[in-house]
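Chemist: Each chain, letter by letter, is given below.
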Amino acid sequence: MFTRWSTAIAAAILLSSPALLQGASAADKPTDPQIAHIAYTAGVIDINAAKQAQKKAKNKDVKAFAEDMLRDHEAVNKQALALVKKLNVMPEDNDTSKALSKQAGDKLAELDKLSGAAFDKAYVANEVAYHKAVNGALETQLIPSAGNAELKSLLQTGLKIFQGHQQHAEHVAAELK
Amino acid sequence: MKPGRLASIALAVVLLSIVVPARAATIQITMENLVVSPAETSAKVGDTIEWINKDVFAHTATAKSGDFDVMLPPKKSVMSVLKKAGTVDYYCRYHPNMKATLKVEP
Ligand SMILES: [Cu+2]
Numbered sequence: 001m002f003t004r005w006s007t008a009i010a011a012a013i014l015l016s017s018p019a020l021l022q023g024a025s026a027a028d029k030p031t032d033p034q035i036a037h038i039a040y041t042a043g044v045i046d047i048n049a050a051k052q053a054q055k056k057a058k059n060k061d062v063k064a065f066a067e068d069m070l071r072d073h074e075a076v077n078k079q080a081l082a083l084v085k086k087l088n089v090m091p092e093d094n095d096t097s098k099a100l101s102k103q104a105g106d107k108l109a110e111l112d113k114l115s116g117a118a119f120d121k122a123y124v125a126n127e128v129a130y131h132k133a134v135n136g137a138l139e140t141q142l143i144p145s146a147g148n149a150e151l152k153s154l155l156q157t158g159l160k161i162f163q164g165h166q167q168h169a170e171h172v173a174a175e176l177k
Numbered sequence: 001m002k003p004g005r006l007a008s009i010a011l012a013v014v015l016l017s018i019v020v021p022a023r024a025a026t027i028q029i030t031m032e033n034l035v036v037s038p039a040e041t042s043a044k045v046g047d048t049i050e051w052i053n054k055d056v057f058a059h060t061a062t063a064k065s066g067d068f069d070v071m072l073p074p075k076k077s078v079m080s081v082l083k084k085a086g087t088v089d090y091y092c093r094y095h096p097n098m099k100a101t102l103k104v105e106p
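So the sequences go chain by chain: A and B. The numbering of the first sequence is this note's numbering, which starts it at 1 and goes up by one. The numbering of the second sequence is this note's numbering, which starts it at 1 and goes up by one.
What the hints contain is simulated information worked out from the structure, not anything from laboratory work. Treat the hints loosely; a few may be bogus.
What the hints assert, rightly or not - With a cut-off of at most 25 Å between alpha-carbon atoms, the simulated DSS-like pairs for lysine-lysine come out as follows:
(1) B:Lys-99 <-> A:Lys-86
(2) B:Lys-75 <-> A:Lys-78
(3) A:Lys-78 <-> B:Lys-76
(4) A:Lys-85 <-> B:Lys-83
(5) B:Lys-84 <-> A:Lys-63
(6) B:Lys-84 <-> A:Lys-78
(7) B:Lys-64 <-> A:Lys-63
(8) B:Lys-83 <-> A:Lys-160
(9) A:Lys-60 <-> B:Lys-99
(10) A:Lys-85 <-> B:Lys-103
(11) B:Lys-75 <-> A:Lys-152
(12) A:Lys-132 <-> A:Lys-121
(13) A:Lys-55 <-> A:Lys-152
(14) B:Lys-64 <-> B:Lys-103
(15) A:Lys-60 <-> A:Lys-132
(16) A:Lys-86 <-> B:Lys-75
(17) B:Lys-99 <-> B:Lys-84
(18) B:Lys-103 <-> B:Lys-76
(19) A:Lys-160 <-> B:Lys-76
(20) A:Lys-160 <-> B:Lys-44
(21) B:Lys-64 <-> A:Lys-86
(22) B:Lys-64 <-> B:Lys-84
(23) A:Lys-160 <-> B:Lys-84
(24) B:Lys-64 <-> B:Lys-99
(25) A:Lys-85 <-> B:Lys-64
(26) A:Lys-56 <-> B:Lys-103
(27) B:Lys-54 <-> A:Lys-152
Said to hold, decoys possible - Pair by pair, the computed Cβ-Cβ distance ranges are:
(28) B:Ser-80 <-> A:His-171: 40 to 48 Å
(29) B:Thr-101 <-> A:Lys-55: 38 to 46 Å
(30) B:Lys-54 <-> A:Glu-175: 48 to 56 Å
(31) A:Leu-83 <-> B:Lys-64: 30 to 38 Å
(32) B:Val-45 <-> A:Thr-140: 27 to 35 Å
(33) B:Asp-69 <-> A:Ser-153: 28 to 36 Å
(34) B:Asp-89 <-> A:Leu-87: 35 to 43 Å
(35) B:Asp-67 <-> A:Lys-60: 17 to 25 Å
(36) B:Pro-38 <-> A:Glu-92: 22 to 30 Å
(37) B:Lys-103 <-> A:Met-90: 46 to 54 Å
(38) B:Lys-64 <-> A:Asp-112: 35 to 43 Å
(39) A:Lys-55 <-> B:Asn-97: 25 to 33 Å
It should be emphasised that the depicted structure is a prediction, and the values quoted were computed from it without experimental measurement. Note that the Cβ used here is the ideal one computed from N, Cα and C, for glycine as well.
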């Protein structure tokens with residue numbers, strides 16, 4: 001069980017950091033349409049995870065956390081959609097988005113097998129790793145690569161809010177121990 | 001003294017007399033980009049706080065003391081009247097990094 005756990009976390013973290021964007025080839029920066037797609041996908045992933053948690057979580061702090069994730073990520077994504085519409089940009093699917101979705105799908109399936117306190121713990125641990133990963137990608141890759149000023153500013157707001165989520169997740173994780 | 005200067009002093013006095021009486025005031029506190037400003041606000045019992053949320057996120061203004069808990073939907077403002085004196089630290093329940101202080105004088 002422990003080995004499985006650390007493998008999962010290692011995978012999540014590997015997927016994260018700069019390696020996250022290797023799918024989009026480290027050399028060339030992701031384009032704005034790709035960045036928009038990656039950011040939106042990252043949001044959808046956390047929304048889906050939160051929806052699963054709303055159904056399965058037992059602990060009230062975990063439930064409240066999931067609710068916060070749902071509300072904030074939906075707000076960011078709504079804003080992102082409005083922005084791409086305004087800029088007349090078509091979000092472009094790419095290897096990073098695909099890798100993220102695939103990884104997230106596997107994670108959902110894995111968490112689906114758990115229940116009760118085991119689910120709560122695994123969900124929150126993954127939220128910590130996931131937000132860390134996304135924040136790392138935002139900071140080192142997506143924000144520096146963004147060309148459009150409004151897109152950059154939305155990503156910066158996203159980073160700020162996701163950093164808060166990471167702290168919140170770490171706090172809940174510590175309480176669960 | 002030039003008449004122009006006198007007139008402006010007179011005007012200042014008139015304006016002052018409008019402001020000075022201890023009428024209840026409306027004070028704006030804004031939440032934008034996950035920051036509360038001003039970080040410290042002084043007010044009096046009976047004053048109205050206009051909480052302005054410029055973000056697309058829902059926020060709350062929640063007193064640590066439990067004195068108030070104002071829900072601020074995205075892009076909305078909400079008025080609340082101060083009823084109790086004291087220095088209140090408040091924060092957003094959804095984004096606890098958002099913190100500020102409200103000093104309410106009797
Ligand atoms: Cu907030």
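Chemist: Could you run down the list of hints and mark each one as holding or not?
Modeler: Hint by hint, here is what the structure shows:
1. B:Lys-99 <-> A:Lys-86: violated (33 Å)
2. B:Lys-75 <-> A:Lys-78: holds (13 Å)
3. A:Lys-78 <-> B:Lys-76: holds (17 Å)
4. A:Lys-85 <-> B:Lys-83: Between Lys-85 (chain A) and Lys-83 (chain B) the Cα gap is close to 45 Å, so the pair fails against 25 Å, i.e. violated.
5. B:Lys-84 <-> A:Lys-63: violated (33 Å)
6. B:Lys-84 <-> A:Lys-78: The given pair, whose Cα atoms are some 38 Å apart, is violated under the 25 Å limit.
7. B:Lys-64 <-> A:Lys-63: Holds, at roughly 22 Å.
8. B:Lys-83 <-> A:Lys-160: Given pair Lys-83 (chain B), Lys-160 (chain A) is violated - Cα atoms ~34 Å apart, limit 25 Å.
9. A:Lys-60 <-> B:Lys-99: holds (24 Å)
10. A:Lys-85 <-> B:Lys-103: violated (43 Å)
11. B:Lys-75 <-> A:Lys-152: holds (21 Å)
12. A:Lys-132 <-> A:Lys-121: holds (17 Å)
13. A:Lys-55 <-> A:Lys-152: Violated, at about 34 Å.
14. B:Lys-64 <-> B:Lys-103: Answer holds: Lys-64 (chain B) to Lys-103 (chain B) is near 13 Å, not above 25 Å.
15. A:Lys-60 <-> A:Lys-132: holds (23 Å)
16. A:Lys-86 <-> B:Lys-75: Answer holds: Lys-86 (chain A) to Lys-75 (chain B) is near 19 Å, not above 25 Å.
17. B:Lys-99 <-> B:Lys-84: holds (20 Å)
18. B:Lys-103 <-> B:Lys-76: Cα-Cα ~24 Å, so holds.
19. A:Lys-160 <-> B:Lys-76: holds (21 Å)
20. A:Lys-160 <-> B:Lys-44: violated (33 Å)
21. B:Lys-64 <-> A:Lys-86: Measuring from Cα to Cα gives roughly 40 Å; hence the hint is violated.
22. B:Lys-64 <-> B:Lys-84: holds (14 Å)
23. A:Lys-160 <-> B:Lys-84: With Cα atoms ~33 Å apart, Lys-160 (chain A) and Lys-84 (chain B) exceed 25 Å; violated.
24. B:Lys-64 <-> B:Lys-99: It holds: about 10 Å lies between the C-alpha atoms, which stays within 25 Å.
25. A:Lys-85 <-> B:Lys-64: violated (41 Å)
26. A:Lys-56 <-> B:Lys-103: Violated, at about 43 Å.
27. B:Lys-54 <-> A:Lys-152: holds (18 Å)
28. B:Ser-80 <-> A:His-171: 40 to 48 Å: Violated, since Ser-80 (chain B) and His-171 (chain A) (Cβ atoms, about 28 Å apart) do not stay within the stated range.
29. B:Thr-101 <-> A:Lys-55: 38 to 46 Å: Holds, at about 39 Å.
30. B:Lys-54 <-> A:Glu-175: 48 to 56 Å: Given a distance of about 32 Å, which is not inside 48 to 56 Å, the answer is violated.
31. A:Leu-83 <-> B:Lys-64: 30 to 38 Å: holds (36 Å)
32. B:Val-45 <-> A:Thr-140: 27 to 35 Å: violated (50 Å)
33. B:Asp-69 <-> A:Ser-153: 28 to 36 Å: holds (30 Å)
34. B:Asp-89 <-> A:Leu-87: 35 to 43 Å: Because 40 Å falls inside the window, the suggested range holds.
35. B:Asp-67 <-> A:Lys-60: 17 to 25 Å: Hint holds: Cβ distance 24 Å, inside 17 to 25 Å.
36. B:Pro-38 <-> A:Glu-92: 22 to 30 Å: Because 42 Å falls outside the window, the suggested range is violated.
37. B:Lys-103 <-> A:Met-90: 46 to 54 Å: Holds, at about 51 Å.
38. B:Lys-64 <-> A:Asp-112: 35 to 43 Å: holds (38 Å)
39. A:Lys-55 <-> B:Asn-97: 25 to 33 Å: holds (29 Å)
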